[in-house]
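Protein chains: 2
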Amino acid sequence: MTLPEMHPQRWGDPARQTDLPEGADGLIALAFGELQPAPAVPQAPLPAPRLSAEQLRQLAAIVGAEHVLTEDDVRRLRTRGKSTPDLLKARAGDLSDAPDAVVRPATAAEIADLVAFCQQEQVALVPFGGGTSVTGGLAVAREGFAAVLSLDLIRMKALRSFDPVSMTAVLEPGLRGPEAEALLAERGLTLGHFPQSFEYATIGGFAATRSSGQSSAGYGRFDALVVGLEVVTPAGLLTLGSSPANAAGPDLRQLILGSEGTLGVITAVTVRVRKLPEEKVYEGWRWPSFQAGAAAMRRLAQAGVMPTVLRLSDEAETAINLADPAAIGSAGEGCLMIVGHEGEPELVAARRAVVTAVLTELGGNCVGEEAGAKWAHGRFDAPYLRDSLLDAGVLVETLETATFWSNVDRLYADVKQALETSLGAGTMVLCHISHVYETGCSLYFTVATKAAEEPLAQWQVAKQAASDAMIAAGATITHHHAVGTDHRPWLAEEIGPVGVGILRAVKAELDPTGVLNPGVLIP
Amino acid sequence: MTLPEMHPQRWGDPARQTDLPEGADGLIALAFGELQPAPAVPQAPLPAPRLSAEQLRQLAAIVGAEHVLTEDDVRRLRTRGKSTPDLLKARAGDLSDAPDAVVRPATAAEIADLVAFCQQEQVALVPFGGGTSVTGGLAVAREGFAAVLSLDLIRMKALRSFDPVSMTAVLEPGLRGPEAEALLAERGLTLGHFPQSFEYATIGGFAATRSSGQSSAGYGRFDALVVGLEVVTPAGLLTLGSSPANAAGPDLRQLILGSEGTLGVITAVTVRVRKLPEEKVYEGWRWPSFQAGAAAMRRLAQAGVMPTVLRLSDEAETAINLADPAAIGSAGEGCLMIVGHEGEPELVAARRAVVTAVLTELGGNCVGEEAGAKWAHGRFDAPYLRDSLLDAGVLVETLETATFWSNVDRLYADVKQALETSLGAGTMVLCHISHVYETGCSLYFTVATKAAEEPLAQWQVAKQAASDAMIAAGATITHHHAVGTDHRPWLAEEIGPVGVGILRAVKAELDPTGVLNPGVLIP
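In order, the protein sequence lines correspond to chains A and B. 30 is the number of the first residue of the first sequence in my numbering; add one for each residue after it. 30 is the number of the first residue of the second sequence in my numbering; add one for each residue after it.
Please note that a few of the clues may not be correct.
To give an idea of the interface, some chain B residues facing chain A are shown, with a C-beta separation under 10 Å as derived from the structure [claimed, not checked]:
#1 Ile57
#2 Arg239
#3 Gln283
#4 Leu284
#5 Gly287
#6 Arg301
#7 Leu305
#8 Glu308
#9 Lys309
#10 Gly333
#11 Thr385
#12 Thr389
#13 Cys470
#14 Ala504
#15 Pro526
From chain B, some residues computed to sit far from chain A (all C-beta separations above 10 Å) [said to hold, decoys possible]:
#16 Met30
#17 Val92
#18 Glu100
#19 Thr136
#20 Ser271
Because the hints were derived from the structure by calculation, they are not lab data. Idealized CB from N, CA, C, for every residue including glycine.
The whole structure should be built from the sequences, with the hints applied where relevant.
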């Protein structure tokens with residue numbers, strides 16, 4: 030399987046770049062007024078790599094000379110991630126904080142040697158999977174380091190083993206979503222993990238960022254799929270996962286999950302797998318209000334009858350209809366919910382009947398499978414639309430949080446108000462609930478406004494206001510985008526000084542010279 | 030609600046001590062030959078408390094003089110736990126390692142002051158809930174400490190708050206199982222956590238030991254019920270739980286769960302709660318072999334159609350029929366499975382139909398609700414039977430582990446052989462699967478043999494052999510009894526030196542003077 034590389038200045042596959050859909054221009058002008066198109070400019074050359082010939086020779090001795098890369102293009106593709114601020118910088122021609130070199134190890138042993146090299150030479154090491162971070166997870170602190178080395182896991186793409194009795198598979202970290210699914214599909218299996226970044230993001234990244242996917246209601250969050258981990262740390266190899274669950278002290282797997290490359294490099298992930306679903310059906314449901322739809326989601330979760338996919342757009346997002354950009358503005362009133370069922374036909378039928386009964390009783394109106402099919406068809410496309418909007422001069426970005434059910438209304442209102450207030454009149458704030466639990470749910474916001482002359486500064490003010498609102502409401506700074514460098518100050522508030530102390534102590538134990546992803550995650 | 034205190038030399042409520050059932054004597058003689066009855070002897074007086082009058086005054090200033098207790102009887106009831114080795118020592122009159130004093134704080138603030146006192150005076154602090162540890166969790170290392178203080182949480186029994194929308198409740202740590210259920214039942218709710226220690230064990234203990242219950246298949250392990258924690262650590266107050274789940278770094282809740290009082294004192298636990306089930310039905314199923322029954326459990330778990338209760342006895346345990354000691358030996362052939370369904374009647378009916386279809390297809394034979402009712406009736410009684418057997422001169426103890434499905438046969442055979450080999454001819458080894466996951470299950474062994482002259486030493490040899498077999502098989506040293514002091518050497522093997530380094534680093538950060546449960550858990 031050959032997958033396209035990421036565009037250095039945009040999301041995704043350059044061949045899939047799209048113009049705005051027919052008719053969208055007019056709507057955008059109506060919404061945002063006269064815009065200043067903002068096409069990307071060519072990239073400036075990169076500074077020369079800050080690694081000596083001797084250092085490069087040492088790296089070549091570890092991974093082979095053909096896997097030590099210093100060309101500008103290669104380094105640019107390993108620079109930063111894909112948040113709107115990242116794209117704004119890249120589009121302005123600035124990829125100046127590219128890594129000094131890219132190394133591509135093939136084994137955990139080579140990674141251990143690279144870690145030792147970095148400790149010896151005080152070089153920062155940045156594990157690289159899909160490059161899809163939207164929280165600055167690749168933008169490490171350079172101060173105090175002789176150079177920055179990108180550890181590209183692209184050669185570690187094996188399905189190491191599969192246990193058909195236990196229904197587990199050992200996957201290497203460099204497998205991109207479609208690659209992992211293809212290897213599993215050959216055996217009639219699926220992982221069932223489909224975040225919006227699925228086409229680029231990797232198994233190692235899913236684990237390191239505690240990822241959630243669009244089907245997590247049915248298959249489980251990625252942290253729930255993991256039963257074992259192999260991690261190369263500067264302190265040695267850590268192998269976890271003696272059993273599905275146990276009482277043998279704290280669950281250290283849950284300390285590595287979400288560690289974002291700061292404590293070690295994940296070199297294998299043992300995941301539980303499921304049979305490929307024989308049937309998949311996605312349908313649309315219409316609700317009179319966001320509150321009514323959210324209450325129905327809560328009822329499903331608390332009754333223990335969850336579909337495989339469950340998401341609900343608020344009134345604004347329903348009207349804009351991101352799932353079908355060609356039909357923007359034509360979606361009608363109320364709120365659209367997507368309800369998906371996957372599995373064996375009899376179980377799908379049984380679960381669908383129960384879910385339908387609950388949703389109907391609560392006032393939902395099934396609008397059929399067309400809306401569901403449209404959502405499923407466009408589920409990975411929104412980031413391409415963002416690039417087109419940025420081209421047109423619209424500032425667009427997303428952010429997300431989660432809280433307990435009783436706090437959802439307040440969190441929704443507060444974040445929305447923070448964004449609208451900081452970005453000013455004419456700002457569009459759309460929201461959907463993408464992940465649902467018995468005790469609460471996530472809120473995912475999409476924001477669009479007319480780009481100012483300094484869109485980066487414009488966004489930073491809004492991001493700060495929204496993040497402050499999340500923490501003030503007692504919610505989390507991130508439900509599924511992780512912490513990176515962007516959310517670090519708010520993580521400190523969320524877990525408090527004692528929590529920060531724990532993270533710092535583990536970091537000091539496992540990575541005493543601090544070469545792994547410096548400046549990421551840990552406040 | 031007034032609950033009985035624990036007997037210092039036996040399990041449970043002194044009023045519920047039972048003789049062996051009629052007819053059991055003969056069976057026991059048949060199984061084990063001539064036995065030497067081993068009644069308990071009176072307790073020796075305790076050493077004087079190693080706390081000065083000034084220190085006791087300081088403690089009284091924190092919690093009130095009436096909550097600083099130094100009487101022998103009180104101290105004995107806070108000594109060690111309820112493993113067979115603990116009982117053997119207690120029955121021999123030896124409760125010499127009792128705490129020097131017992132303090133009963135009422136608030137997290139008082140606990141913080143007690144922690145500060147202990148740091149100042151280098152006094153070991155042992156959080157005490159139900160005293161039901163079976164892994165030496167209360168037997169702290171005394172070396173290097175001026176005294177040992179038992180921190181009894183008996184005054185912290187509030188249901189602090191209940192959120193009917195999010196379906197969460199904030200519970201204090203000193204609530205015993207029945208007390209928590211009673212407070213929740215007043216609101217039509219249940220926690221659904223019923224370990225065998227339920228009648229004595231506490232909310233704080235459930236959290237600190239990562240407990241599992243007999244209904245965990247349906248309600249979830251205790252670690253899955255917890256959404257928030259408040260913890261007094263020597264480094265300050267730690268408050269966790271901003272959302273049901275998130276991607277805001279490692280899940281620090283999973284570091285406190287299972288920390289066994291070594292990192293801090295849990296002063297509040299926010300749990301998800303469920304509606305009290307309207308219907309409960311437990312039924313028995315008969316399988317031709319342990320393997321056939323286990324395969325059926327695996328099918329249920331991997332199909333995602335789990336009953337609320339699911340357990341399977343092997344041939345030996347089925348024949349002995351611990352669930353109904355009065356009928357020992359009359360249980361017939363094959364393996365007994367208990368399948369329980371709880372919830373709303375329609376959902377129970379629907380789930381029961383699916384489960385019944387799967388089990389029938391796989392060769393199971395439903396033997397009706399009587400077997401299920403007997404199990405439910407006697408579910409908390411086995412520890413009383415152990416005392417009667419110890420009286421009669423039978424050495425009896427339990428141990429447990431967990432692994433992935435493909436490793437179950439090996440683990441079962443290896444642990445069984447280790448026990449039979451080390452304890453010699455005439456040893457009975459019974460086993461059941463008590464907890465089932467998609468990827469694996471737990472194995473719970475009950476061992477009975479003729480007590481030797483030195484039963485403690487006799488058991489230690491067997492325990493060592495069984496524990497070595499678990500680790501050699503790649504399984505966990507404990508699925509639900511926790512680590513305590515007894516499992517500490519094997520925990521070191523299970524998580525390896527890097528894992529041990531993490532635990533030690535967190536310990537050093539949160540409890541730099543090491544006063545919290547010294548010698549427990551952390552290798």
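Taking the least C-beta to C-beta distance, is Glu308/B closer than 10 Å to chain A? Violated, because the Cβ-Cβ distance from Glu308/B to chain A comes to roughly 14 Å (cut-off 10 Å).
Over 10 Å from every CB of chain A: does Val92/B meet that, or does the non-interface label fail? 23 Å, holds
So, Thr389/B near chain A? Judge it on the closest CB pair being under 10 Å. 15 Å, violated
Regarding the assertion that Thr136/B does not contact chain A, is the least Cβ-Cβ distance greater than 10 Å? 18 Å, holds
The hint names Pro526/B as touching chain A; please verify it with the least Cβ-Cβ distance against 10 Å. 6 Å, holds
Would the non-interface assignment of Glu100/B survive a Cβ cutoff of 10 Å against chain A? 33 Å, holds
Using Cβ atoms only, decide whether Cys470/B comes closer than 10 Å to chain A, and label the hint accordingly. 8 Å, holds
With chain A as the partner, please determine if Ile57/B meets the hint condition of a C-beta pair closer than 10 Å. 32 Å, violated
Interface restraint verdict for Thr385/B against chain A (beta-carbon cut-off 10 Å): Violated: closest Cβ of chain A sits about 14 Å from Thr385/B, beyond 10 Å.
Once the shortest beta carbon distance from Arg239/B to chain A is found, is it less than 10 Å? Hint on Arg239/B: holds, closest Cβ of chain A at ~4 Å, below 10 Å.
Given Lys309/B as an interface hint, is the shortest Cβ-Cβ distance to chain A below 10 Å? With a minimum Cβ separation of about 16 Å from chain A (threshold 10 Å), the hint on Lys309/B is violated.
Can Gly333/B be said to touch chain A, with a Cβ gap under 10 Å? 8 Å, holds
Of the numbered hints given earlier, the model fails hints 1, 7, 8, 9, 11, 12 and 20; all others are met.
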